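Novice: Sequence:
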Amino acid sequence: MFRISSCGYCVVAIGVGLLLPSLQYAQIGKPARSSPFTEIKWDVYTFNFLPGNQMAQVLDSDGHVIGTILAMNGTLTMIPTITGDAADKLKQSFQAWKNQGGEKALYDQSASKNQTSAKAGISNSSPAKPAAVVTSDSQPAAEPQPGGQSGRGILHVDDLDRLENATLRFDLNAMRSAPALLEQKPVMQYFIAVNNCRDSAVQRSLQDELDYPELARFYSAKAPEILSGLPDTAGLLMFRGNTRGELIWGRAAGGYDPTLKTLVLGEYDVSRKAFPILVSDKSKTLEISGTQRADVNRISLETSCPVAYSALMRLGANASLPASYTVTVQPMSFGELPMSEADARRYIDSVNAAQRDIVLAVDVHLKQNPQETNAKVFAYDGTIARVIVLNKASFQQIGTLYDDHTLAPVRTKEIPSAITTMKSTREFNEELITAVYVSLAASSCGWPISADQKANLDRYISDVNTYGKFNDRSSLNGVAANIRNSINDPSRHFCENPSERQDFNRRVATVWPNGPMAAPPPQTP
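Residue numbering for the sequence shown follows the working numbering, starting at 1 and increasing by one per position.
Careful, some of the hints might be misleading.
Below, a list of computed lysine to aspartate or glutamate pairs in the EDC-like style, where the Cα atoms sit at most 20 Å apart [said to hold, decoys possible]:
| hint | residue 1 | residue 2 |
| --- | --- | --- |
| 1 | Lys98 | Asp88 |
| 2 | Lys89 | Asp60 |
| 3 | Lys273 | Asp343 |
| 4 | Lys104 | Asp43 |
| 5 | Lys392 | Asp458 |
| 6 | Lys284 | Glu302 |
| 7 | Lys98 | Glu183 |
| 8 | Lys392 | Asp211 |
| 9 | Lys98 | Asp43 |
| 10 | Lys222 | Asp158 |
| 11 | Lys376 | Asp403 |
| 12 | Lys392 | Asp343 |
| 13 | Lys367 | Asp349 |
| 14 | Lys222 | Glu267 |
| 15 | Lys284 | Asp357 |
| 16 | Lys454 | Glu183 |
| 17 | Lys367 | Asp403 |
| 18 | Lys98 | Asp60 |
| 19 | Lys91 | Asp458 |
| 20 | Lys392 | Glu372 |
| 21 | Lys185 | Asp158 |
| 22 | Lys89 | Asp62 |
| 23 | Lys91 | Asp43 |
| 24 | Lys376 | Glu267 |
| 25 | Lys273 | Asp403 |
| 26 | Lys89 | Asp43 |
| 27 | Lys222 | Asp211 |
| 28 | Lys185 | Asp211 |
| 29 | Lys454 | Asp381 |
| 30 | Lys454 | Asp88 |
| 31 | Lys392 | Glu336 |
| 32 | Lys376 | Glu183 |
Hints were generated in silico from the structure; no laboratory data involved. Remember, predicted model here, so these are calculated numbers, not experimental data.
My request is simple: use the sequences and hints to build the entire structure.
Specialist: Structure below.
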């Protein structure tokens with residue numbers, strides 16, 4: 001029988017890009033170094049090879065991790081983390097890449113950087129040079145840009161939502177309120193890049209002394225129009241804790257503010273139709289006030305806007321832009337979260353009674369003419385437009401404390417059950433093993449599984465890959481590799497082994513909708 005043990009909004013108080021596509025919240029962290037990957041575009045997939053080209057991460061067209069490529073017995077082998085038809089399609093596409101000379105071109109690129117197969121698109125993304133991507137016939141070299149022709153993309157509100165980076169919103173507001181920023185070449189290069197996020201031709205032109213001046217003239221003239229069409233809002237995530245469990249409200253020169261607070265929802269009051277908001281310092285009301293600081297974090301642009309990330313890391317834009325932003329708001333106090341009894345019951349049923357910690361997503365309209373300090377800080381005055389209450393563990397929206405209705409209603413993504421359900425590490429690992437074991441065994445051995453169960457397991461595994469923390473994804477990859485090795489080991493006769501079949505039957509009976517394992521997320525009201 002198979003057995004395995006598995007592994008188990010910037011400092012402020014201001015936050016992350018939540019699972020709210022229409023809002024991006026300011027993040028904490030240091031900019032990452034430029035990517036060491038060799039990036040290959042093939043069909044609808046991206047292969048990101050680590051140095052040495054012995055291992056790669058495989059991404060689909062939406063940027064989700066769907067497999068791993070490993071060098072085994074002298075050749076590259078595809079190991080999908082998805083199952084069913086999607087896995088078969090990925091394997092077939094990978095084999096076609098190899099058949100067209102992709103693997104050979106990959107290993108020959110150090111000797112002949114400019115010669116690649118007409119079918120295999122390889123870019124050297126080492127820090128010394130900008131990536132030059134030659135794509136397969138089935139994928140154009142540059143994604144169509146919002147404005148039409150290559151190199152003349154125009155950033156719109158929908159594109160800004162898709163990029164999901166809070167600091168970018170602050171950056172664009174800074175360019176609008178302080179146009180002199182765009183007179184600095186690195187900042188103009190960054191602005192051009194965010195309008196042409198995946199146009200590799202623009203990435204090269206930004207460093208070409210013959211091409212760049214024309215691009216700069218075009219975007220200098222278009223900048224007022226582009227920037228005026230973008231929102232003046234930014235998102236602050238307040239009362240957010242770090243990985244050590246400390247919660248930060250503002251910052252102190254010598255470290256964390258000593259007056260730390262946490263927020264928890266108390267017992268629902270049926271008579272008032274509301275949850276009391278409990279504050280750790282025993283105050284009776286929660287107050288949002290004063291100046292909140294958001295240190296910049298543009299890391300996610302590496303995936304969502306690689307041309308802009310290149311401009312930040314290689315062309316010096318990161319050093320030319322503000323190092324942090326502050327927003328000063330007028331005081332606003334709250335003592336409870338109003339909620340209907342039906343909604344309250346759904347919330348209570350969805351969380352552990354001891355885990356009602358919350359954070360606040362605060363949307364702020366930024367007033368123009370910020371003050372620029374010597375420390376490269378842009379200081380804004382702001383007007384609060386909306387205050388949303390989120391589950392601290394999952395960022396799922398619980399309710400709304402305030403809304404002046406100047407913004408479009410929040411559109412929430414469905415939250416993956418693998419990430420939001422309150423499970424212990426042991427329970428999560430057991431669920432993960434069951435999901436992967438049943439999925440792979442059914443696919444490899446033809447053992448029976450319902451269509452609903454198969455679709456649900458595909459979703460569950462994709463959720464862990466897409467939304468899981470590093471340890472979650474590592475556990476998934478480790479479990480999948482061990483189970484595949486067990487299935488593929490000829491000495492084990494896995495599919496003919498009665499013990500394995502019994503284990504499969506036991507586990508498949510627990511998979512949703514027949515059982516609780518890998519259940520889908522609760523429906524958003």
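Novice: If a hint holds in the structure, say so; if it does not, say that too.
Specialist: For each hint, the structure was consulted:
no.: 1; hint: Lys98 / Asp88; in the structure: 15 Å, holds
no.: 2; hint: Lys89 / Asp60; in the structure: 12 Å, holds
no.: 3; hint: Lys273 / Asp343; in the structure: 10 Å, holds
no.: 4; hint: Lys104 / Asp43; in the structure: 18 Å, holds
no.: 5; hint: Lys392 / Asp458; in the structure: 27 Å, violated
no.: 6; hint: Lys284 / Glu302; in the structure: 43 Å, violated
no.: 7; hint: Lys98 / Glu183; in the structure: 47 Å, violated
no.: 8; hint: Lys392 / Asp211; in the structure: 48 Å, violated
no.: 9; hint: Lys98 / Asp43; in the structure: 12 Å, holds
no.: 10; hint: Lys222 / Asp158; in the structure: 18 Å, holds
no.: 11; hint: Lys376 / Asp403; in the structure: 32 Å, violated
no.: 12; hint: Lys392 / Asp343; in the structure: 18 Å, holds
no.: 13; hint: Lys367 / Asp349; in the structure: 41 Å, violated
no.: 14; hint: Lys222 / Glu267; in the structure: 54 Å, violated
no.: 15; hint: Lys284 / Asp357; in the structure: 16 Å, holds
no.: 16; hint: Lys454 / Glu183; in the structure: 55 Å, violated
no.: 17; hint: Lys367 / Asp403; in the structure: 18 Å, holds
no.: 18; hint: Lys98 / Asp60; in the structure: 18 Å, holds
no.: 19; hint: Lys91 / Asp458; in the structure: 16 Å, holds
no.: 20; hint: Lys392 / Glu372; in the structure: 33 Å, violated
no.: 21; hint: Lys185 / Asp158; in the structure: 26 Å, violated
no.: 22; hint: Lys89 / Asp62; in the structure: 16 Å, holds
no.: 23; hint: Lys91 / Asp43; in the structure: 12 Å, holds
no.: 24; hint: Lys376 / Glu267; in the structure: 45 Å, violated
no.: 25; hint: Lys273 / Asp403; in the structure: 19 Å, holds
no.: 26; hint: Lys89 / Asp43; in the structure: 11 Å, holds
no.: 27; hint: Lys222 / Asp211; in the structure: 17 Å, holds
no.: 28; hint: Lys185 / Asp211; in the structure: 14 Å, holds
no.: 29; hint: Lys454 / Asp381; in the structure: 52 Å, violated
no.: 30; hint: Lys454 / Asp88; in the structure: 15 Å, holds
no.: 31; hint: Lys392 / Glu336; in the structure: 17 Å, holds
no.: 32; hint: Lys376 / Glu183; in the structure: 16 Å, holds
Going through the hint list in order, the structure does not satisfy hints 5, 6, 7, 8, 11, 13, 14, 16, 20, 21, 24 and 29.
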